[in-house]
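Asker: Here are the chains, one letter per residue:
There are 2 protein chains.
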Amino acid sequence: MSTTKKMVVEWKGNLRLEAKNEKGLTVKFDAPKDHGGEETALSPMENVLASLASCSSFHVLTILKKKRLNVTDYSVEATAERREDPPRVFTKIHLKYIVKGTNVTSEAVESAIKLSEEKYCSVGGMLKQAVPITSSFEVVKQG
Amino acid sequence: MSTTKKMVVEWKGNLRLEAKNEKGLTVKFDAPKDHGGEETALSPMENVLASLASCSSFHVLTILKKKRLNVTDYSVEATAERREDPPRVFTKIHLKYIVKGTNVTSEAVESAIKLSEEKYCSVGGMLKQAVPITSSFEVVKQG
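So the sequences go chain by chain: C and E. With this note's numbering as the guide, the letters of the first sequence map in order to residues 1 to 143. With this note's numbering as the guide, the letters of the second sequence map in order to residues 1 to 143.
Isolated chain C (complex conformation) (with noise of 0.2 angstroms):
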């Protein structure tokens, strides 16, 4: 069983690119000044790094939240490092977990991040093929 998704990328001068969906939601693209461009959107490699950082948070706000815990605050730090010659693809990622909230334990966060990472995010699931993928998590308890 498979979906298709659709996408349409739109040229817009320069390097600077619009990417639409079937529902006409957009994200731009546009290069560093160093790579020819203006610099008023992210890169597309940008653009990856933070799209597994939010598909992974997806997963693991949607399961701290089945598991009753109140999270008030929620962020990610990714860092990535990246290969000098072309093609400049990440040789690794890290994503640091910050998580705060009134009830949320460190055990939780732990097996949320894991469940997200090792079966549901679909990002990671494709990245991990090319790049290793590493993580870590500070819990900030308030209230």
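Rather than coming from a laboratory, the hints here were simulated on the basis of the structure. Computed from a predicted model, the values in this text were never measured in an experiment. Mixed in with the good hints there might be a few duds.
Said to hold, decoys possible - Reference listing, derived: stretches of chain C covered by chain E, where coverage requires no fewer than 3 residues with Cβ under 8 angstroms from a Cβ of chain E:
hint, stretch
1, 55 to 62
2, 69 to 79
3, 111 to 125
What the hints assert, rightly or not - Only pairs whose alpha carbons sit at most 30 angstroms apart, straight line, appear in this in silico DSBU-like list of lysine-lysine:
hint, chain 1, residue 1, chain 2, residue 2
4, E, K20, C, K28
5, C, K92, E, K12
6, E, K65, E, K141
7, E, K100, E, K119
8, C, K28, C, K66
9, E, K114, E, K128
10, E, K23, E, K12
11, C, K33, E, K5
12, C, K128, E, K67
13, E, K23, E, K6
14, C, K65, E, K100
15, C, K65, C, K119
16, E, K33, C, K23
17, E, K65, C, K20
18, C, K20, E, K20
C-beta atoms are modelled at their ideal positions from N, C-alpha and C, and glycine is treated no differently.
Based on the hints, put chain E in the right spot on chain C.
Answerer: Showing chain E alone in chain C's frame:
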């Protein structure tokens, strides 16, 4: 040799997230309604597909410009099949490049796409480890 890339992803409530690079450029993410989101922005997987097409386009457009070919319009239709079961990875991806211009030849476009996909595109350099990626193109002469 390698360079480091950092992004911070912040939770904005429900399944809305915003990623920011070190220069303050941002991209938003949301989940589809049938996955608990509000569809205010593209999903991470849509963003990855758009990033692949955009990354490859940067190199195709740059190569055609270096060859002094006058591209007047350019777009890519990206189509991907996705697994139904988690992790819901892409199982195949197709990119269809549509290039319009006054002096653009099929040979030049074909060679630019080949160079981009085989050598330069970093997003493709990672994704092709996990997913078969195919491409086709259409050249429209104008003027």
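Asker: Hint by hint, note whether the structure agrees.
Answerer: Hint check:
Here's how the stretch 55 to 62 of chain C fares: 5 of its residues keep a CB closer than 8 angstroms to some CB of chain E, so the rule of at least three is met and the hint holds. Counting residues of the stretch 69 to 79 of chain C whose beta carbon lies closer than 8 angstroms to any beta carbon of chain E gives 8, which meets the minimum of three for the stated coverage. Proximity of the stretch 111 to 125 of chain C to chain E, defined as three or more residues with a beta carbon under 8 angstroms from a beta carbon of that chain, is established by the 7 residues found. Using a Cα cut-off of 30 angstroms, the hinted pair K20/E and K28/C holds, with the two alpha carbons roughly 14 angstroms apart.
Under the criterion of a C-alpha separation no larger than 30 angstroms, the hint pairing K92/C with K12/E is consistent with the structure, at around 27 angstroms. Restraint check for K65/E and K141/E: the C-alpha separation of about 16 angstroms stays at or below 30 angstroms, so the hint holds. In summary, the hint linking K100/E to K119/E is supported, as the alpha carbons are separated by about 24 angstroms, within the 30 angstroms threshold. Distance restraint check for K28/C and K66/C: the Cα-Cα separation of roughly 33 angstroms exceeds the 30 angstroms cut-off, and the hinted pair is therefore not satisfied.
Pair hint K114/E plus K128/E holds up; C-alpha atoms about 14 angstroms apart against a cutoff of 30 angstroms. Distance check on the hinted pair: K23/E and K12/E sit about 20 angstroms apart at the alpha-carbon level, within 30 angstroms; holds. Straight-line distance between C-alpha atoms of K33/C and K5/E comes to about 15 angstroms, which keeps the hinted pair within the 30 angstroms bound. Restraint check: the Cα-Cα separation between K128/C and K67/E comes to about 36 angstroms, which exceeds 30 angstroms; the hinted pair is violated.
The hinted pair formed by K23/E and K6/E meets the criterion: a straight-line CA distance of about 10 angstroms does not exceed 30 angstroms. With a C-alpha separation of about 49 angstroms, the suggested pair K65/C and K100/E falls outside the 30 angstroms cut-off, and the hint is violated. As the CA atoms of K65/C and K119/C are separated by approximately 18 angstroms, the hinted pair is consistent with the 30 angstroms bound. For the suggested pair K33/E and K23/C, the alpha carbons sit about 12 angstroms apart, so the restraint of at most 30 angstroms is met.
Note on K65/E and K20/C: the hinted pairing holds, with a Cα-Cα distance of about 25 angstroms set against a maximum of 30 angstroms. Our distance criterion of 30 angstroms between C-alpha atoms is met by K20/C and K20/E, whose separation comes to about 20 angstroms.
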